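Chains as they are written, first to last, in the working numbering: chain A, 1 to 159; chain B, 1001 to 1331.
Treat the hints with caution; some may be incorrect.
[Said to hold, decoys possible] One-sided excerpt, in silico: chain B residues whose CB lies under 7 angstroms from chain A: (1) Gly1051; (2) Met1055; (3) Pro1172; (4) Phe1176.
Keep in mind the hints are simulated off the structure, nothing from the lab. Since the model is a prediction, treat every value here as computed from it, not as a measurement. Note that CB positions come from ideal geometry on N, CA and C, so glycine has one too.
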Amino acid sequence: MEGIRSGAVSAHHNYMISGMLRPGFLVGDPGSAKGFYLLADFLLPGENTPRISGRFFDERGDMLLELTWNRLMLDPADCLYRPTPYGFHLSKSSGEIILETTTRRFPNGYITSFSGRLYDEKGVLKLDQEGSSARLVGNDSIMLTAPYQGCFGKEKKNA
Amino acid sequence: MDRGTCLVWVFGDYADYFQNRVTLQLIAKGKALASELGTRVGVVVLGEDIGQYVMEYVAHGADVIYAADNNALKDYDVELFTAVAASWVEIFRPEIFLAGATAFGRELFPRIAKRLRTGLSADCVALEIDRETGAFVQTTPAFGGDLLADVVTPVMRPQMATVHPGIFRELPHDPFALAELIHPPLPNLPERKIEVVRRRKEKARRASLTDAGVVIVGGKGVGSRANFDKLFQLAELLGGEVGATRPAVNAGWAGEERLLGQTGKSVRPRLLITIGTSGALQYTAGIRGSETVIAVNRDHSAPIFGLADLGIVGDADRILSLLIEELNRRL
């Protein structure tokens, strides 16, 4: 019998990750200049599109891309960002999926789920595919119950 | 985690959602009870792909959600749900556990109560905390509905009750709400004995009685099917719905879906006009939350006048005809 898992849940929008709803979450440090991070930002009522940011690497630790609030900002590996009717998908130039988001809309709310595999700058697996959904690997994620207020690496460097 | 801070639980019955609002109504009542007890209200949600229901319960006031999102629970199965809910009660020890008196709630809660060897008050029409003793008082019709009994469960826990839909008013939807989400462990589940092959929606048109702002109710005193049909004319003129007492339903003047009271629906309209009804407790249990009640009855000593804000002593058919005529003239 597994233990008790707990967190928070929003009435407006949640991400389905590791089998649980979360209003937002962060893995890694968006303020770092080079390291891996994945930010699924908290949405306020009125905001209908999930905001995803991150710096992703391949299994060898080579940088693939940097995404800031759903916009591809750095793309050293010629990856492809493609919006879909339900979210977006990111793929390598080979066509291999890096990350895909899907947002389901209900009469009074939204749930966004992920699929894909993400690695950090050391090639360590951080997000894995489990059946039809994704799970975070490790225990270093932070749950967000308010919009992310920190800065991103580039801004910090310039500050 | 502090397990002592959520002592009022509600079973999340999402079948037929959004028509079925009883869980939302119980969350609102549970929140009021929890506030009096200095604790929080939690909702137990079992099933598969339950995210949207969880979020609705949060938006309507749930402080804590106890959830199991599992393929094994994809269909309402009373044995599996009993096993899970009972095991979670044993972990978290809530003081109060409420469910809607829906078809499933009425099947599930006696089993959970039996499993936990605690008491259950069925089909309650009122719930409150006694300010002097601190007891949780569950008011339920007794002796065939001739009496309303106040029931307390002094020793065993949780104190369990099922409640009619429409008795309490739900809180408004708050999209800013946040709640604690807990995934307790699942116990070893018993083998599923029932396989749901398919679901079929009932074809009969259901009256939206529980949501109507104006309800016209007819009893045996209306006199005939033809007279009863005039209630529908009156309801249409007032933008309302028609309800019926048990004798009127038994007479075949209205379908079972319009039955109000202990064995039917409960309503809380702004205006309820009750015509040819004596005021038996079995019936009035379903209209107690109405804001304004106008009663029409030939017998000036009928108990219904004790509940009414305005009483008209007169023949049901004559008063109905006059009302329809006057409304037709004015509207």
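Cross-check of the supplied hints:
1. Gly1051: holds (5 angstroms)
2. Met1055: Hint holds; Met1055(B) Cβ to chain A Cβ min 4 angstroms, cut 7 angstroms.
3. Pro1172: The hint is violated - Pro1172(B) has no Cβ within 7 angstroms of chain A, the shortest such distance being about 11 angstroms.
4. Phe1176: Since chain A brings a Cβ to about 6 angstroms from Phe1176(B), closer than 7 angstroms, the hint holds.
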